[in-house]
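Those sequence lines, one after another, are chains A and B. If you count by our numbering, then the first sequence holds residues -16 to 585, one letter each, in order. If you count by our numbering, then the second sequence holds residues 35 to 409, one letter each, in order.
By construction, these hints were calculated from the structure, which means they are not laboratory data. Among these hints, one or two may not hold up.
A few chain B positions that, by computed beta-carbon distances, are all more than 10 Å from chain A [said to hold, decoys possible]: (1) C45; (2) F67; (3) A69; (4) K90; (5) D110; (6) D126; (7) V220; (8) I250; (9) D255; (10) E259; (11) G264; (12) L274; (13) G302; (14) D357; (15) G398.
Below are the DSS-like pairs computed for lysine-lysine, each with C-alpha atoms no more than 27 Å apart in a straight line [stated by the list, open to error]: (16) A:K547 to B:K48; (17) A:K547 to B:K84; (18) B:K48 to A:K549; (19) B:K81 to A:K538; (20) A:K549 to B:K270; (21) B:K148 to B:K191; (22) A:K547 to B:K148; (23) A:K547 to B:K191; (24) B:K380 to A:K502; (25) B:K359 to A:K555; (26) A:K547 to B:K263; (27) A:K549 to A:K559.
No experiment lies behind these values; they were computed from the predicted model shown. Glycine included, each C-beta is placed from N, C-alpha and C at the ideal position.
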Amino acid sequence: MERIKKIRNFCIVAHIDHGKSTLADRLIEKTGTLAKRDMQDQLLDSMDLEREKGITIKLTPTRMLYDFEGERYELNLIDTPGHVDFTYEVSRSLAACEGAILIVDASQGVEAQTLANAYLAIDNNLEVLPVINKIDLPSARPEEVKKEIEDVVGIPAMHAPCISAKDGLNIEQVLEMIVKEFPSPKGDENGRLKCLIFDSYYDNFKGAICLIRVFDGNVKVGDKIKMMHTGKVFDVTEVGVFVPFAKPCEQLLAGDVGYLAGSIKNLSDIEVGDTITSFSDPINEALPGYKKVQPVVFCGIFTVDGAKYGELKDALEKLKLNDASLEFQPEVSQALGYGFRCGFLGLLHLEIITERLEREFNLDIITTAPSVYYHVHKTDGQMIELSNPSSLPSPTEIDYIEEPVVKAEIFTPPQFVGAIMELCQDKRGVYKDLTYLDENRVKVNYTLPLGEIIYDFFDSLKSRTKGYASLDYELAGYQKSDLVKVDILLNGERCDALSLIVHKDKAYQRGRALTEKLKKIIPRQLFEVPLQAAIGSKIIARETVSAMRKDVLAKCYGGDITRKRKLLEKQKEGKKRMRKIGSVEIPSEAFMSILKLDDEDK
Amino acid sequence: MNGIYVHIPFCERKCNYCAFSSFTNLEEKDRYFKALIREIKDFDEGKLPKNEIFEKDDLHKIDTIYIGGGTPSLFDSGNIEKILDAIKEKFDLQKDNEITIECNPNSLDEDKIKGYRALGINRLSIGVQSLQDSQLSFIGRLHSAEQALNAIEISHKHFDNISCDFLIGLPRQEPEEFIFDLKKVVDIGVKHISAYMLQVEDKTPLADMARKSPFILPDDDQSAEIYQKGASFLQKRGFLQYEISNFAIKGYESKHNLKYWRGDNYIGFGLSAHSYVNGVRLANANNFKDYYSHKLALKEVLDKRQLIEERLMLGLRCNLGVDLKYLEKLGYFIENNENYTNFLEKKIIFNENDRIFLNPKYYGVSNYVIVSLLG
């Protein structure tokens, strides 16, 4: 049999907790890629390595060898992230596959993400094959669930393997299905080189590594390659496959999935979705679907202890090695001192990074409210781009402001259309159209300001549609908008780190909510602290933190001074988490409170 | 000059708010008194840990003795006499001295009072806590308001120097009611008042009670109000607020307690008793078994940072203030603290001849001020 006919490239998609990673583990085990015991060891080893070197080794994609009817097949399992911030990365991973296994829990049946992920795979032209998992559970109802899949998802399911990934039951059937039902890749191994970069990571020894799917041609050590979108040229120093750890091989041919290293210094030299071709004999047209990944959400990151600026810088640089989409540049705030303005793919990405800064680098950080990039057209004809509200020129110098908008596609079962439209309306969305894809699925198109969806749009969407709706969006330029800057004054002093840019119609509501929230967060001080929200010099909301009246130690029994001193020392430690703005002490979490406003307004 | 503290860890009943070392097993009494007297007799200055920062100060001369508890007044003058004799044998008690004993109204009678007086005890500290019967029973006191007033009146016949302890923040307490209570004892002729904010300590019956009925105790603002109104009442009656919780007619300040705030030496004898000797803090074990085997619960040779912290904490909570020269000698220049200038400007603290004082108006929030001025 021809080599390429024995390759299967596939991914696994599922609703959360339906058993995606357990099935992956079983497949690896069953194909003898790793023995059960080694698997544990292997995983642990890699994690130690991660810690030591500060790099992330991705365990996937994994190449497995499977013997079936006298032939040895090569099965490549490609993993996919699962959040709207990373939709593009998911679509690129899917583009490297021909098939997708859709796992459905035998008792829970089709769930929101089952649907969303199945459609994502179908939309990427993958062959989608259902597998019913957890049939060992007493509540399992595999036949009903098969029917549900056919009715709701609309793909045949009667012959779906019924398995228990946990117990290793009927895994063989899944492997057979992969070989028999998934199409093999098409491609010409003697043709001109055409590879898709579907992911990347950084290795301290080898530099930036591309995870690739070869569509045509072949690539080996010594080849000179070219990235078609970035135009960058590299010499290949290593190619290999994951078994599941990286193992060098001689060459990668059409249909193969593996990795490629080429003394690529920076992760930012590699762009996911880019096409690799031969430098000397390039193809004319790159693979479709490439998008430049750009940060869309920006916020300031500062350390609670101003002296740790250097540590923050080092930490961000280390994270950047592994995460090309993270951007940062120095920023100075009157209130918070020296820090960085950082760019992220979305709020989840922001949260991941801030959490890693705190956990892995032991930094106490302050994050200011997330924002987007605005185009500010000044009366003198100049246009400036900014994301930091405090850099906004005074209103008299501003002619008009433009904000970024996105084209949002929301897929949903029909019963939630009303709720979705209400949400979009509330977020200043402009209705475009609505299409019935089939009787169970509607696509709603809106144009929405990016600034509105970066807050909690995705969460609101999920909660209003019981998790059934999915969102995809892409930037669609800028549009003029009636935006104002809301400042927060603490004891009459403007605190630049708390300013935000909002639509005029929402300024009062936001100002009020923010002052109320700050009142709850800011502890009482020796003096009454007025909290005001203002647009320019106009006060739009006011709250007061009343003066502290009691903060005193109890009786000291028989001269026990030590206990008192220790209490004071503890109190002093607590104070270190406070930032002083003028004469007002505010806890570091106050700065993020702007972000969480919407949760409590509901 | 040095002071001596003696701890009598016995009570008839433990109060609901009490988290300190006191026990109700009176059968331990004989053994305890024996051990206590042995501890006094065996006291050896030379065996104390040394703090290099400090010059040695002679511990021999003393001018205050404070017998606290617990409830020392559970025991009549016979028991107390042995303790005082042991002290006088070992130490040089100055003529102009202050000897205090803590008393509970229910364990006082005229004979006992006369007996104490005859021993040379010249100051009584009476745990009144409140003159509202409902509050007294809530906190688990064994006496009524009437009993307390009686005890004070009898004591006053034999003692000029009487202090009464009161609690602020009792159930449904109102400022007017607190002032009414204070007025009653001041009218009898009491010249010293200690008023402490009730603290709900973990693992006390009060903590459970407060959890079950969370609104029964006044909140911080209400407690502060009671405190402030009580303080201004006492000022009107000629009392000087010489410490956060202590008020006295001039000349009746507690000499012994002032040693705590001033940083003078005091030697503690008895279970869980604390000592401070030339820059070293010690505490005896807080259970009988360990106390009998001479175990310590605390031994702290204070370093410069701790000395600075203590000086600010202790000096600012009373009218002694803090000598800035002393802080500078320890390497702390308070002018470099940004809060310092701010507090001076706002008259939260005063600086008189390089000594700083907390404005008594801010005694109620002294922690905040002190913590802001630490390092």
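We went through each hint and held it up to the structure:
1. C45: 13 Å, holds
2. F67: Label holds. Min Cβ-Cβ 18 Å, cutoff 10 Å.
3. A69: 17 Å, holds
4. K90: 20 Å, holds
5. D110: The claim holds: D110 (chain B) sits with its nearest Cβ about 22 Å from chain A, beyond 10 Å.
6. D126: 21 Å, holds
7. V220: 21 Å, holds
8. I250: 17 Å, holds
9. D255: 5 Å, violated
10. E259: Check fails; 8 Å does not lie beyond 10 Å.
11. G264: 13 Å, holds
12. L274: 19 Å, holds
13. G302: Incorrect as stated: the minimum Cβ-Cβ distance to chain A is 6 Å, not above 10 Å.
14. D357: 18 Å, holds
15. G398: Incorrect as stated: the minimum Cβ-Cβ distance to chain A is 6 Å, not above 10 Å.
16. A:K547 to B:K48: Between K547 (chain A) and K48 (chain B) the Cα gap is close to 23 Å, so the pair holds against 27 Å.
17. A:K547 to B:K84: Answer holds: K547 (chain A) to K84 (chain B) is near 22 Å, not above 27 Å.
18. B:K48 to A:K549: Distance ~26 Å between K48 (chain B) and K549 (chain A) Cα, so the pair holds.
19. B:K81 to A:K538: 30 Å, violated
20. A:K549 to B:K270: 36 Å, violated
21. B:K148 to B:K191: Distance of about 9 Å is within 27 Å: holds.
22. A:K547 to B:K148: Answer violated: K547 (chain A) to K148 (chain B) is near 36 Å, above 27 Å.
23. A:K547 to B:K191: 37 Å, violated
24. B:K380 to A:K502: Holds, because 23 Å separates the two Cα atoms, which is no more than 27 Å.
25. B:K359 to A:K555: 23 Å, holds
26. A:K547 to B:K263: Holds, at roughly 26 Å.
27. A:K549 to A:K559: 16 Å, holds
Comparing the model with each numbered hint stated earlier shows that hints 9, 10, 13, 15, 19, 20, 22 and 23 do not hold.
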